[in-house]
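**Student:** The task is to assemble the complex, starting from two chains supplied on their own in separate frames and drawing on the hints.
Same order as they appear, the protein sequences are chains A and B. Mapping the first sequence onto my numbering, position 248 (from 1) lands on 248, and the numbers just tick up by one. Mapping the second sequence onto my numbering, position 32 (from 1) lands on 32, and the numbers just tick up by one.
Fair warning: there could be bad hints in the mix.
Among the chain A residues that face chain B by a calculated CB cut under 7 Å, a handful are [as the list claims (entries may be wrong)]:
no., residue
1, Pro87
2, Glu88
3, Glu119
Pairwise CB distance ranges, derived in the manner of DEER restraints [claimed, not checked]:
no., chain 1, residue 1, chain 2, residue 2, range
4, B, Arg321, A, Ala244, 54 to 62 Å
5, A, Asn83, B, Lys155, 53 to 61 Å
6, B, Gly129, A, Glu208, 44 to 52 Å
7, B, Val31, A, Glu92, 45 to 53 Å
8, A, Glu249, B, Ile131, 49 to 57 Å
9, A, Ala134, B, Lys155, 55 to 63 Å
10, A, Val127, B, Glu210, 26 to 34 Å
11, A, Ser177, B, Asp161, 58 to 66 Å
Hints listed in this document are in silico derivations from the structure and should not be mistaken for laboratory results. Here a beta-carbon is modelled for each residue, glycine too, at the ideal position from N, C-alpha and C.
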Amino acid sequence: MTQMTDRPTPDTPTRDVLLDCRDVSLAFGNVQALVDVSITSRAGEITALVGDNGAGKSTLVRCVAGIHRPDSGQILFDGAATNFHSPEDAREAGIETVHQNLALVEDLTVWQNLFLNREIVRRLGPVALLDRRAMRDRSREMVSALAVNVPAVGSRVRRLSGGQRQAVAICRAAGFSSKLVIMDEPTAALGVQETARVEELILRLRDEGHALLVISHNFEQVMRLSHQVWVMRAGRCVGGRRTADTTGEEIVALVTGALGG
Amino acid sequence: MANTTLTASEGQSWPARLKDASFWAEWAALVGLIALVIVFQALNPTFLSLGNIASMLVAAAILIILAVGQTYVIATAGIDLSIASVMTLGAVVFGQAYAAGLSLAPASLLALFASALAGAVNGMIIAWGKIADFIVTLGMLSAASGLALILADGKPVTIIDPLLLSLSTGGIGIFGWSFIIAVVVAVAAHVVLFRSRFGTHVLATGGAPESATAMGISTARIKIAVYLISGALAGLGAILLVARIGAAEPAANTAFLLNSVAAVVLGGVSLFGGRATIVGPCIGALLLVALVNGLTLLGVSQFYQPLAVGIVVVLAALLMRFQQ
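The following block holds chain B by itself, in its conformation from the complex (with noise of 0.2 Å):
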């Protein structure tokens, strides 16, 4: 009898646990940012100094962010390519926007909206269109870095303003203001995801969209929204990272791509959709966070990142394959 078999494994002991390969696979994330810390820490004890945790906090901000974003496409079953070439886009707009004389707040709104908008024209070519989610972002990709150049002319804008330096260096205690928009914008995500019906539906149009319809969901409606958010949330980390570097460029930022899918994956959410976590994307984000930052403590040539990530990502997605 199922019955039986259900109340089994759901009480299953912690040693039982420990074997069980899913179990590994949903925690993947946070054992593995736990064994990294204990690693670093034990090579180079600056690793947990205040001010180097302050330091990974802030650098985490942006990619919890584009994580967050990235999971809900992901929990649909789609995928965003064009995520971080969106976020350069608002960069670039926010950044003519202030050169052209707008304060801080409608430079903002503007970079906001450029972003939330390449989202949506990516949601509707994908849900009305019908073609798949990996080549219309893969155009965007391309389109929104496109139109960045132009924008810019191809030269960054330098940008000064002290509210935006505080943005990027204030904060309460060691937590800077960027990390802590990022844990806002991830408790909203999280609450959004499940607590709400539109959550709900987000889960149910990735795990299984002829019954999402059947059940009359419009599945394109729910595809659009996803893809808006991320779009909207590229157009908030736009506005950190210009705050971070101090200026508008229409740099490709592609490191920011591969890490917001390589968050997602190390927090054990289904690239097949239906299935996500707000919290796992997270620690996936300052996992890949922390790694960096030790590598670098350690003196590891800058060279030896991207194959880092890279080498953790594909063992995370292998993991993935235990999880029930």
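So that you can see chain A by itself, here it is in the shape it has in the complex (with noise of 0.2 Å):
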């Protein structure tokens, strides 16, 4: 069995495939992170990245979010090929990522976290002073517009739950009029309650017409959620499947290897 047969036929219309990575490749020294990668991504889906420990799916979503730049291989946003140097140039083109960590200052409030490097600044000559009300009166716009449990914007994120932090996470990824939100493993951290608000949320980015392309360990989140799943395991793109086409037991299978690949 070939790698190709268990892609799925070319994704019929390419109109509105708005993440294409084409064969990329990236090694780490003697460490072959990413094979030939290709997988794509779509504008109001929810698209799955799924797979073992180790198997590539962060070095991926490092290099579709500019901190990694591939060895080989294309990576086309919006229909045209990208050539990201730093996480900065992917945020300009529209691809927003919600990083394992939260990527969150703690000891800052939560509107400083929402426009971290984004401020709003006001121009007095020479000198550009923080518009601090107009962060602050932009940012209970956003988490009122995703309706987010969040409470003040002007706490601090240290005394804010797990769960809300993840929502001023996805909160900052959501705005900016970004079109692609990466999320890496966004509940893993979360008890149920939190993770059926975060699943919630991403519902929500998904109806606003945000491409979604999450990295999950649970399936049964994959299987309920996603439109479409792709499987890595060892650096390689296994397999990807329509959600609606596939079962558990066959992603499961594409994953330890014991189907494809």
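**Tutor:** Below, the structure is given as structure tokens:
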């Protein structure tokens, strides 16, 4: 069985394919982290990326997010080839990432985190001072737009619960007119109720037309939320399925190598 | 629900706050300063005479400026052990330039430049070489004092300049020029730390470097910038130091290093980075100066002063553990 037969027939029209990774490879020294990985992600869909630890999922999304640069292969975003030199370039293009560690600064407030490195400033001649009121107001809008249960935007992140922190990170990724939101195990550290709230958020982002690329270890969650699943093993993409056309058992078989690859 | 606990702690009543150790930790420097003033004033009424207040403020000026620089560095979870020797280097550069016939302004600029350069070198080695702040600035401590000795050939240069003299003796009311300069520096530093993008990025770099990097902040650039600031402020301190003692000496000035770190710790700034104020270290600097001044007024031997400073600082650091 070859790799190609396991991949679904080219995803019908390419019109709504937002992210298109083609044969992306990356090595760290002698370790081949990614080998010719090709995946796609569509607007208004939740795309799941599954695989065992060390399969290369995080490395792949870090390439998309501009943290790593692939050795070879192409990443097309919104129809154009990308060449990100930094996470900032990717954010400029409309790719936001909710990192596994959330990338929040605990000692700063919610609004400071939402606007971290995106601060709104007022120019007074040569000096640019923070427009704190504008950022607080915008933050309140961002938080209430997603109906997130985050306390006052002026509270420090240190005081928030795990679910609230996740919500702040997702809020930040959803704001600033992003098109693709990458989430690295968004509910791994959360309890049942908090997981439900974060899933609601993910669905709301999908309904708003975002493309979501979600790394998850929770197969039940993947089957419930996603439209498309890509499976990675040992740095390769060993299969892709429309979620509606597959079963949890098949995905598990692909992950473990009992099937395909 | 977290919302309710949040409002509860914010609307805490005063008696409840007074029992809260973190409240005391936050305001340790101010409480300590007030306590010292009361004790010294009770023991010696000349302590709060206008003349003594004026001399304390002038004596505090250099320390405030150094503490502000140190605060920026410590806010990024670093530490600048070279701050005092970089000041010495600046003073010697100033003295040599002045002795070579340069006038006050270009000599001052040279001193500022030399110190800022030393700071930038610290920052670049730390940021790009990825070496611990502690080691790099310890090396610079030695290198800068060595350079100062070489430049000065081990000899002090006496500088008699009317303008420089008025810098250290003149002022408005009880506020000497050097203290006024220190206040201007502190206010500017406060505005930059809390009202500019750079300030936010400094706190983010200290509080969570990986998060800052993930959000596209160049932590290397921030690191270099804070050490540059620390160096430049050491250069400013050098000019005030030369004005104060009327000479540029290649002396070690180690007390300034210890006191600058002490003022920052007293000011409630976290040594782990990410949390800082400018007001706190400034009050911390005033406290240290008041302590030494008061002990001198009481006729306590000079030998006891470093002991007293050490005890106060370690006590303050212990208190910080209760800070949230």
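**Student:** Check each numbered hint against the structure and report the violated ones by number, ascending.
**Tutor:** Of the numbered hints given earlier, the structure breaks none, since each of them holds.
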